[in-house]
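Trainee: In case you want the letters, here they are:
2 protein chains.
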Amino acid sequence: MKSYLDCYPCFFTQAIRTSRMITSDEKKIWQILNEVSLSLPEIRFGATPPEIGREVYRIISKRTGIKDPYRKIKEKCTHQALSLYPELKKLINSSEDRLMTAIRISIAGNIIDFGANFDFDLKKDVGTILSQDFSINHYREFCEALDKARKILYLADNAGETVFDRFLIEEINKPVIYVVRAHPIINDATREDALLAGIDKVAEIVSSGCDAPGNILKFCSDEFLKVYRSADLIISKGQGNYEGLSDEDRPIFFLLKAKCHVIARDIGIDEGSIVLMKASKA
Amino acid sequence: MKSYLDCYPCFFTQAIRTSRMITSDEKKIWQILNEVSLSLPEIRFGATPPEIGREVYRIISKRTGIKDPYRKIKEKCTHQALSLYPELKKLINSSEDRLMTAIRISIAGNIIDFGANFDFDLKKDVGTILSQDFSINHYREFCEALDKARKILYLADNAGETVFDRFLIEEINKPVIYVVRAHPIINDATREDALLAGIDKVAEIVSSGCDAPGNILKFCSDEFLKVYRSADLIISKGQGNYEGLSDEDRPIFFLLKAKCHVIARDIGIDEGSIVLMKASKA
Numbered sequence: 001m002k003s004y005l006d007c008y009p010c011f012f013t014q015a016i017r018t019s020r021m022i023t024s025d026e027k028k029i030w031q032i033l034n035e036v037s038l039s040l041p042e043i044r045f046g047a048t049p050p051e052i053g054r055e056v057y058r059i060i061s062k063r064t065g066i067k068d069p070y071r072k073i074k075e076k077c078t079h080q081a082l083s084l085y086p087e088l089k090k091l092i093n094s095s096e097d098r099l100m101t102a103i104r105i106s107i108a109g110n111i112i113d114f115g116a117n118f119d120f121d122l123k124k125d126v127g128t129i130l131s132q133d134f135s136i137n138h139y140r141e142f143c144e145a146l147d148k149a150r151k152i153l154y155l156a157d158n159a160g161e162t163v164f165d166r167f168l169i170e171e172i173n174k175p176v177i178y179v180v181r182a183h184p185i186i187n188d189a190t191r192e193d194a195l196l197a198g199i200d201k202v203a204e205i206v207s208s209g210c211d212a213p214g215n216i217l218k219f220c221s222d223e224f225l226k227v228y229r230s231a232d233l234i235i236s237k238g239q240g241n242y243e244g245l246s247d248e249d250r251p252i253f254f255l256l257k258a259k260c261h262v263i264a265r266d267i268g269i270d271e272g273s274i275v276l277m278k279a280s281k282a
Numbered sequence: 001m002k003s004y005l006d007c008y009p010c011f012f013t014q015a016i017r018t019s020r021m022i023t024s025d026e027k028k029i030w031q032i033l034n035e036v037s038l039s040l041p042e043i044r045f046g047a048t049p050p051e052i053g054r055e056v057y058r059i060i061s062k063r064t065g066i067k068d069p070y071r072k073i074k075e076k077c078t079h080q081a082l083s084l085y086p087e088l089k090k091l092i093n094s095s096e097d098r099l100m101t102a103i104r105i106s107i108a109g110n111i112i113d114f115g116a117n118f119d120f121d122l123k124k125d126v127g128t129i130l131s132q133d134f135s136i137n138h139y140r141e142f143c144e145a146l147d148k149a150r151k152i153l154y155l156a157d158n159a160g161e162t163v164f165d166r167f168l169i170e171e172i173n174k175p176v177i178y179v180v181r182a183h184p185i186i187n188d189a190t191r192e193d194a195l196l197a198g199i200d201k202v203a204e205i206v207s208s209g210c211d212a213p214g215n216i217l218k219f220c221s222d223e224f225l226k227v228y229r230s231a232d233l234i235i236s237k238g239q240g241n242y243e244g245l246s247d248e249d250r251p252i253f254f255l256l257k258a259k260c261h262v263i264a265r266d267i268g269i270d271e272g273s274i275v276l277m278k279a280s281k282a
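Protein sequence lines correspond, in order, to chains A and B. Quick note: the first sequence, position 259, residue 259 per the working numbering, numbers continuous. Quick note: the second sequence, position 45, residue 45 per the working numbering, numbers continuous.
Careful: at least some of the hints might be erroneous.
If several chains are the same, the list does not tell them apart, and a pair holds so long as it fits within one copy or across any two.
[To be verified] Straight-line Cα separation of at most 20 Å, EDC-like style, residue types lysine to aspartate or glutamate; simulated pairs:
hint: 1; residue 1: K2; residue 2: D25
hint: 2; residue 1: K123; residue 2: E248
hint: 3; residue 1: K28; residue 2: E141
hint: 4; residue 1: K72; residue 2: E55
hint: 5; residue 1: K2; residue 2: E26
hint: 6; residue 1: K27; residue 2: E42
hint: 7; residue 1: K27; residue 2: D6
hint: 8; residue 1: K28; residue 2: D6
hint: 9; residue 1: K62; residue 2: D249
hint: 10; residue 1: K151; residue 2: E171
hint: 11; residue 1: K27; residue 2: D266
hint: 12; residue 1: K28; residue 2: E42
hint: 13; residue 1: K218; residue 2: E204
hint: 14; residue 1: K151; residue 2: D211
Just so you know, these hints were derived from the structure itself, not from any lab. These numbers come from a predicted model, not from an experiment.
When you get a sec, could you build the whole thing from the sequences and use the hints?
Mentor: Written out as structure tokens, the structure is:
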């Protein structure tokens, strides 16, 4: 997905929010905004939001010397999500369609976000999503693809959400490769976050080599690209991965909640909607 | 008032909104945003919002060749406000404190805004403001200053609001110099807008020489500065003039509705509040 005009101010809003977490020095933050300002025109028209976001967060890290401003928040979110694990597991055990419930729980985890939307109430929002109608639901195609799949990739999104991903991986009941970011970026899940969520107990954890807030193939490692190209089912979590991969022709299913109006418009749904959606070019 | 961090993304939001009124060419608008992006770091830290806004709107005009994108909207707002004139005049005629009612009406006109807030319902919002409590009310000081004043300046804000200013000027019942922008900027009132509102019937219309969306003395003409320095009462309408003049030591009274959280915080009131406030350094 290309960046839209409305993404432009949002990058500055995100830069302010993240910088404020690190410093209260307004002049320093102003300088960060100025550097972001100078860098944006160098990015080609039509670049995806994670490509621009990568540059914005790189500037913040460079200027402040803090490489992982969301580290503590990520840990807190993971612990909070882990505390919900037993309750959610019971829900799956008592559900008629275990896979569908696990998909819903996985999408519910997607509300944990500090990029597009940082105002969430985990327990309450999870409850809402569990009973929310899908705006796009390619469940039948997903089940068919899953049935045949021999190599399944699961592209992680945010730390904490990782815990919610475990349920779906457990229901898939086939070997799954869980793909994390190579380096910290916003609250996106790295290997460390996946381990804290216990993903290693249910899947093989692999880095995409990408340090953008969303997998963009040109920033991924050759090693990952080989795995990516040979996968016959790719489960892509969250907005960032959608932004990076929406135009790809691989067998991708996007699981997300549309938390910003730009992505909602790009997909053609209302903001706040949830989708299980096959990539249009797949 | 210096620009705050939150003003940064707002300038891009304003640039997008105004550019979209002129063109649907997304690439062209992206180029405008890029040019705004390159220009912002050249502006000193601590500059007032109208100083930056002036640059943003200058870029839009230069890139699109449209010098007054709000011309039709301004005319429409003025006509709409004129249609409310008889009703509001009756309200003053039947009120216990004519001056206070005129002040309220003048502030009510301040809801007409396409910079900070472009989502308003003129008739409904006027009704609300007429019964709203002031968060800051220096009415007694205002009456005293008015009583003694021999040279009164009235700094206009937006087109349409101009009609609402007439009531207050009429109640002042002393010669008033009505100060407009030298050139079109957003929907700020120029001489043309003041004439359409019939201001020439109640006051002398003078240009400040300033083309920023708020009077900033360094951009004002020498001719205006002489008038400004000799005035013994300055009525300043709206956010833009507050932003430009809040740190001045002249006998200024600010009449405004705080339509953005940044200005509200700077004044120390809630967003949406209305004030009749003497300049702190006056």
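Trainee: Would you mind marking each hint as holding or not holding in the structure?
Mentor: Hints, one by one, checked against the model:
1. K2 / D25: between (33 Å within a copy, 15 Å between copies)
2. K123 / E248: neither (34 Å within a copy, 51 Å between copies)
3. K28 / E141: neither (50 Å within a copy, 40 Å between copies)
4. K72 / E55: Answer is neither: 22 Å inside a copy and 40 Å across each miss the 20 Å cutoff.
5. K2 / E26: between (31 Å within a copy, 12 Å between copies)
6. K27 / E42: For K27 and E42, the Cα distance is within 20 Å only across copies (14 Å; inside one copy 24 Å).
7. K27 / D6: Between copies, since 13 Å is at most 20 Å while 25 Å is not.
8. K28 / D6: between (25 Å within a copy, 14 Å between copies)
9. K62 / D249: Close neither inside one copy (35 Å) nor across copies (41 Å); limit 20 Å.
10. K151 / E171: So K151 and E171 pass the 20 Å test inside one copy only (15 Å; across, 80 Å).
11. K27 / D266: between (36 Å within a copy, 17 Å between copies)
12. K28 / E42: between (22 Å within a copy, 15 Å between copies)
13. K218 / E204: neither (23 Å within a copy, 64 Å between copies)
14. K151 / D211: Answer is neither: 24 Å inside a copy and 63 Å across each miss the 20 Å cutoff.
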